[in-house]
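Residue numbers (my numbering), protein chains in the order written: chain A, 1 to 103; chain B, 1 to 199.
Worth flagging that the hints you see were computed from the coordinates, not collected in a lab.
Backbone N, C-alpha and C define an ideal beta-carbon position, used for all residues, glycine too.
Check each hint, because a few of them may be wrong.
Partial selection, computed: residues in chain B whose CB lies under 10 Å from chain A [said to hold, decoys possible]:
(1) Val14
(2) Leu29
(3) Ile39
(4) Val103
(5) Ser124
(6) Val138
(7) Glu145
(8) Leu146
Here are some, though not all, of the chain B residues that point toward chain A, as calculated from beta-carbon distances under 10 Å [stated by the list, open to error]:
(9) Val17
(10) Lys18
(11) Asn94
(12) Pro96
(13) Thr97
(14) Trp121
(15) Arg136
(16) Asp147
(17) Gly149
(18) Asp156
(19) Val182
(20) Leu184
(21) Met197
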Amino acid sequence: MNGVHDMGGMQGMGAIDVDPNELSFHEDWERQMFGMFLAVFAGGHYNIDEFRHAIERMGATNYLTTSYYEHWMNGMQTVLLEKGILTEEEISARMAELGKGAS
Amino acid sequence: MASHKHTAEMSDTVLRVKALESLLAEKDLIDASALNELIDTYENRIGPRNGAQVVARAWTDSEYKKRLLEDGTGAILELGFSGVQGEDMVVIENTPTVHNMVVCTLCSCYPWPVLGLPPVWYKSAPYRSRAVIDPRGVLKEFGVELDAGVEIRVWDSTAETRYMVLPMRPAGTEGLSEDELVDLVHRDAMIGTAIVMAP
């Protein structure tokens, strides 16, 4: 399987944004996503290769237009759904509940 | 600041992350204190100062340097650094004729135990795509210009292998202690996008 993630040698990606003082996490959700991914990994529920493969199947447009930790969210969610650990319905339902609580 | 559409997407992402965390906690796949511990470890405790200690040791102890270049994982472990994303370490040495750079073209593989979490630019499409076809141009964007005669070797991290560059010790540092040398070595020099400067 190949995909747009195989970027070595691709042209047209633009200039590198070198920010020497950038933070590890730009938003709190990124921090939470990082911790969550590692915690579930530490529990042995998936390995890194499965996770990478899920990210690589995100689809080219989705992959190129989302951020790094959105890739992680996509990848982890895909793996958990495929393993039957979570369902789409549960996630949507919980999002709706949490969304109602906000603002 | 963001457009309405952007705001809506970000809210979806935030909601989804919160939903995932909430469900996983309910199902006992994660617990809040373990999560915070992991975040704290990688945000605040593990970082490039680890790698700088490895470099300073290699600069001051030639037998250590030999071991480091032969068995990166083992020599790095001697200083107490090991773990996730550093299980298979290879250390590559810069010389006056060879400059090394590290990239992960497929994702963001990076030697966490010695350098902490990778910078955003390392994980970005521009760096991942161009480091392997235009390393000299990439170095220029980092303010590094090498003589035309210097060979640049770019190492593409694989599923398991993690690379760390052993930068050259700058001239004029002969009188510095190992601790003082540690202070000179910054993250980018161990990725290969910077040179170590004398103070």
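Hint check results:
| no. | hint | verdict |
| --- | --- | --- |
| 1 | Val14 | holds (5 Å) |
| 2 | Leu29 | holds (5 Å) |
| 3 | Ile39 | holds (4 Å) |
| 4 | Val103 | holds (8 Å) |
| 5 | Ser124 | holds (7 Å) |
| 6 | Val138 | holds (7 Å) |
| 7 | Glu145 | violated (15 Å) |
| 8 | Leu146 | violated (17 Å) |
| 9 | Val17 | holds (5 Å) |
| 10 | Lys18 | holds (5 Å) |
| 11 | Asn94 | violated (20 Å) |
| 12 | Pro96 | violated (25 Å) |
| 13 | Thr97 | violated (25 Å) |
| 14 | Trp121 | holds (5 Å) |
| 15 | Arg136 | violated (13 Å) |
| 16 | Asp147 | violated (22 Å) |
| 17 | Gly149 | violated (24 Å) |
| 18 | Asp156 | holds (6 Å) |
| 19 | Val182 | violated (19 Å) |
| 20 | Leu184 | violated (16 Å) |
| 21 | Met197 | violated (14 Å) |
Consistency with the previously given hints fails for numbers 7, 8, 11, 12, 13, 15, 16, 17, 19, 20, 21, ordered from lowest to highest.
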